[in-house]
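Which chain is which? The protein sequence lines are L and C, in order.
Take the first sequence: its letter number 168 is residue 168 in the numbering used here, and every next letter is one higher.
Take the second sequence: its letter number 6 is residue 6 in the numbering used here, and every next letter is one higher.
Be aware that one or more of the hints could be misleading.
Between beta-carbon pairs, the in silico distance windows are [as the list claims (entries may be wrong)]:
(1) L:Glu296 to C:Trp168: 22 to 28 Å
(2) L:Val142 to C:Val183: 52 to 58 Å
(3) C:Thr143 to L:Ala25: 58 to 64 Å
(4) C:Ala184 to L:Val142: 30 to 36 Å
(5) L:Glu245 to C:Leu79: 27 to 33 Å
(6) C:Thr143 to L:Ser272: 49 to 55 Å
(7) L:Arg30 to C:Val148: 29 to 35 Å
(8) L:Ala121 to C:Val148: 33 to 39 Å
(9) C:Thr36 to L:Arg30: 21 to 27 Å
(10) L:Asp106 to C:Asp93: 30 to 36 Å
(11) C:Asp93 to L:Asp252: 42 to 48 Å
It is worth saying that the hints were derived from the structure and are not from the lab.
Note that the structure is a prediction, hence the values are computed from the model and not measured.
Virtual Cβ for every residue (Gly too), placed ideally from N, Cα, C.
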Amino acid sequence: MPKLISCFLFVVSLQLATGLGAAEAIHEERSRYRDITVTQIGERRCLLFNVHRGDRNQTCVMVNDRDRLVFDYTKMSFAGLLLNPEPSRILVIGLGGGSIPLTFSDMFPTAQIDIVEIDDAVVRVAKEFFFFEETENMRVFVDDGRPFIKRAGIRGQTYDYIVLDAFSGDYIPEHMLTREFLEEVKSIMGPDSVLIANTFSTSRLYDHESVTYQRAFGEFFNFKLPTSGNRIIITQLEPLPPRGELVTRAADLAERMVKYDVPLNDYPRRLSTRVDWDMSRRELTDQYSPGNLLQEN
Amino acid sequence: MAFASGACIMTIEMLGARILSPYFGGSLSVWGSIITIFMLALAMGYLFGGRLSTRNPNAVTFAMFYISAAVFSLPVIFLSDQIMEPIFMVMEDPRYGSLFAAIFLFFIPTTILGMISPYAVRLMVKSEEHSGHMAGLLYFVSTLGSAVGTLGTSFYFVLWWEVDQILWGTIAALALCGCMILVAHYAINPQSQKEQGRHAKNA
């Protein structure tokens, strides 16, 4: 009997080993900020940061169906189209594999898309392995998001669709969680602009972050899916539109989003304005922003 | 005292990145700027402190190091925006922007804090044969203070208090050290002043 069990375990472990072996690392490099790994399983190619520390995938693409978005949080980033369906100036903070800007560029070929990425190695990897290309309308700036936005604000530039996607990975840029930062973001927003922030749904940081966004913007849409660990904040300077308007917009746009596999019709009922955080938590400011410590606790 | 100065140096250094990040971001180069400027300032401090210790070393001058370091740390609280904003406007490159901001904010107080250790060695050393021992002991205590300042700031202080509150704590600690040295010098040991006067005459 023990022999049978050990035999069974052997077979299971063999299967596990071959299963893992199928995710072949096709590129590995150590950049100034992180370890970057590119893996491929069948047609699915993924970008991973700090894989040794057990980080999640940053971006995946299907090499045989490049338009299709793989991750829920990437798809969720397009829910802002329900508030502003025709953005012409788009800002994305955090490139990753580049699937968000590539989708925007495909949807709105004439829109001006600016991307800010702190790590030039990520830009290189996105170009080499994830079909990302800079065009006349789509430029990458290797810079920190905060000074980029501060400078854009001083120059009076505005964007009508802003995606903050710099918070994935194991280190949180604490200076981009603060009230002062959000005020700088507001200075590059116009009346039609929408802000999408991919943030944290777990840990104490969720409460602190929610309080901070609420103080800066008032009511915001809290967008969570049962299938995703991410929480997306969607907000604008004007008061939020009624749900009926979102449903109509979703119906208008849903057809165009099919090829990216974004179930837009499903989104309006998921956008909540209910306060489900501890409002007594302290607001994050430049004076008080221990994001990395709060996430651990 | 050496423990306190070591802890204060590293507390200010750890807060430096937070103070600079709203203008220059959180990239590796910002940390590089801060560490470079702190190292350069400490180097200058060691040089000046060592040289000063050859001219009539006394407790009052020693206390003044602490008090003036506290005073010159005040601009970090009150003038940081005024200092960083023009640098941010002129310099597009965050590497040099953060380098210059770190010079204007941290160079002077850190230089003064660097003067403490060699000067303290001179005050503690009674005989040539003990000089190495005293220097070793002093560096042991002050570096231990640095370790505590680093750990305390990065693990706990930023979770409990605001940046300015921690800076006020540092300034208060430095001022308190200065006052304690003066009190010890004048009140507890009133003889030493006369002795020093005699000493100076003899010299």
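Comparing the hints with the structure gives:
1. Hint check: glutamate 296 (chain L) to tryptophan 168 (chain C), Cβ distance near 27 Å, so the stated range 22 to 28 Å holds.
2. As the Cβ distance of valine 142 (chain L) to valine 183 (chain C) is approximately 55 Å, the hint placing it in 52 to 58 Å holds.
3. A beta carbon spacing of about 42 Å between threonine 143 (chain C) and alanine 25 (chain L) contradicts the range 58 to 64 Å that was offered as a hint.
4. Our hint of 30 to 36 Å for alanine 184 (chain C) and valine 142 (chain L) is violated, since their Cβ atoms are close to 55 Å apart.
5. One distance hint, 27 to 33 Å for the beta-carbon pair glutamate 245 (chain L) and leucine 79 (chain C), is violated here, with the actual separation near 48 Å.
6. For threonine 143 (chain C) paired with serine 272 (chain L), a C-beta distance near 52 Å keeps the hint of 49 to 55 Å intact.
7. Hint check: arginine 30 (chain L) to valine 148 (chain C), Cβ distance near 32 Å, so the stated range 29 to 35 Å holds.
8. Between alanine 121 (chain L) and valine 148 (chain C) the C-beta distance comes to about 36 Å, which sits within the given range of 33 to 39 Å.
9. Evaluation of the 21 to 27 Å hint for threonine 36 (chain C) and arginine 30 (chain L) yields a pass: the beta carbon distance comes to about 23 Å.
10. Here the CB-CB span from aspartate 106 (chain L) to aspartate 93 (chain C) is close to 33 Å, well matched to the stated 30 to 36 Å.
11. A hinted range of 42 to 48 Å for the beta carbons of aspartate 93 (chain C) and aspartate 252 (chain L) is consistent with their spacing of about 45 Å.
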